[in-house]
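Enquirer: The task is simple: from the sequences and hints, build the whole structure.
Numbering (this note's numbering), first residue to last: 1 to 251.
Honestly, I wouldn't trust all of these hints.
Beta-carbon label-pair distances, calculated as ranges [claimed, not checked]: (1) Asp64 x Thr129: 21 to 31 angstroms; (2) Glu153 x Arg201: 37 to 47 angstroms; (3) Glu224 x Gly169: 37 to 47 angstroms; (4) Glu153 x Thr4: 33 to 43 angstroms; (5) Ala104 x Glu157: 12 to 22 angstroms; (6) Arg82 x Ile107: 15 to 25 angstroms; (7) Pro238 x Gly43: 15 to 25 angstroms; (8) Gln56 x Asn232: 42 to 52 angstroms; (9) Thr4 x Asp86: 15 to 25 angstroms; (10) Gly156 x Thr129: 18 to 28 angstroms; (11) Gly156 x Ala247: 28 to 38 angstroms; (12) Gly43 x Gly156: 35 to 45 angstroms; (13) Asp86 x Arg186: 39 to 49 angstroms.
FYI, nobody ran anything at the bench for these hints, they're computed from the structure.
By construction, the Cβ of each residue, glycine as well, lies at the ideal position given by its N, Cα and C atoms.
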Amino acid sequence: MAQTVFKYTRGMHRVTTSYCPGCTHGIAHRLITETLDELGRLGDTIGVAPIGCAVQAHKFMNVDMCESAHGRAPAVASGIRRVHPDKTVFTYQGDGDLASIGTAEIIHAAARGEKFTTFFINNCIYGMTGGQMAPTTLVGMKTTTSQDGRTVEQAGEPIRVSELIAQLGGAAYVERVALDTPAHIRAAKKAVRKALDIQERRLGFTFVEFLSTCPTNWGVAPPEAMKWLAENMIPYYPLGVKKDVTAEVAE
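Expert: The following block contains the structure:
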């Protein structure tokens, strides 16, 4: 008897995405929308996507979506969540957007304890605009604006955003996950579920960082990109829960 082992989630539109081969944005999209479907929240969710590779996320995710100015998604999401307290609200942001031009927005949203979830895609580079150095670009990594490799003297240390957010009083849940292996992807989905559960309980701001790939701007094939992520990104950006107020209460 035939058994279904995989099916298309109702949370994604049946369209071809704009992402490059090997990019893991699509995996992150599925994890988020699949979880929303399982929670029965597809019709009660509003997502916010600013400028970046995911600027067309509204074409891919089967939830209500709006766009914001570059870096301003947390401000827009704060307003939406306050006006619609019964909705599930999330922002979907890249490292150039969130950790550079949008730093003030994300820091203050977390500090205020806004009741929405941010899904943060960290691929160590600006993707859509041509591969420039991002705040998360690793030391020694070559980009179009650091052609000899990033140096600490010129650009400082790469910012560990999850650890920064976790220090803020309004942050209720912060976890860093990766999208390079089946085991890590399963763990990432659990983090998405936990963040959305805590948002539903209105305990504070929730944040999930996805270590992602960018084969095109890294200049490698998709399989090598997965290996590069594991060997270079995870050592500097260690995976795991950085803050969980539900665990603190349990203790």
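Enquirer: Does each hint fit the structure? Answer for all of them.
Expert: Hint check results:
About 27 angstroms separates the C-beta atoms of Asp64 and Thr129, a value consistent with the hinted range of 21 to 31 angstroms. For the pair Glu153 and Arg201, the beta carbons lie near 45 angstroms from each other, so the given range of 37 to 47 angstroms is met. In this structure the hint that Glu224 and Gly169 lie 37 to 47 angstroms apart at CB holds, the actual value being about 41 angstroms. A beta carbon spacing of about 56 angstroms between Glu153 and Thr4 contradicts the range 33 to 43 angstroms that was offered as a hint.
Between Ala104 and Glu157 the beta carbons are some 20 angstroms apart, a value that agrees with the proposed interval 12 to 22 angstroms. Range check, Arg82 to Ile107: Cβ separation about 18 angstroms, and the 15 to 25 angstroms hint holds. Restraint check, Pro238 to Gly43: a C-beta distance of roughly 37 angstroms breaks the suggested window 15 to 25 angstroms. The hinted range of 42 to 52 angstroms is not satisfied by Gln56 and Asn232, whose Cβ atoms lie roughly 29 angstroms apart.
Distance hint for Thr4 and Asp86: a CB-CB separation of about 33 angstroms, inconsistent with the stated range 15 to 25 angstroms. For Gly156 and Thr129, the hinted distance range of 18 to 28 angstroms is satisfied, since their beta carbons lie about 21 angstroms from each other. For the pair Gly156 and Ala247, the beta carbons lie near 32 angstroms from each other, so the given range of 28 to 38 angstroms is met. Between Gly43 and Gly156 the beta carbon distance is about 44 angstroms. The supplied range of 35 to 45 angstroms therefore holds.
Checked against the hint of 39 to 49 angstroms, the C-beta distance between Asp86 and Arg186 comes to roughly 30 angstroms, which is inconsistent with it.
When the structure is compared with the earlier hints, violations turn up for hints 4, 7, 8, 9, 13 and for no others.
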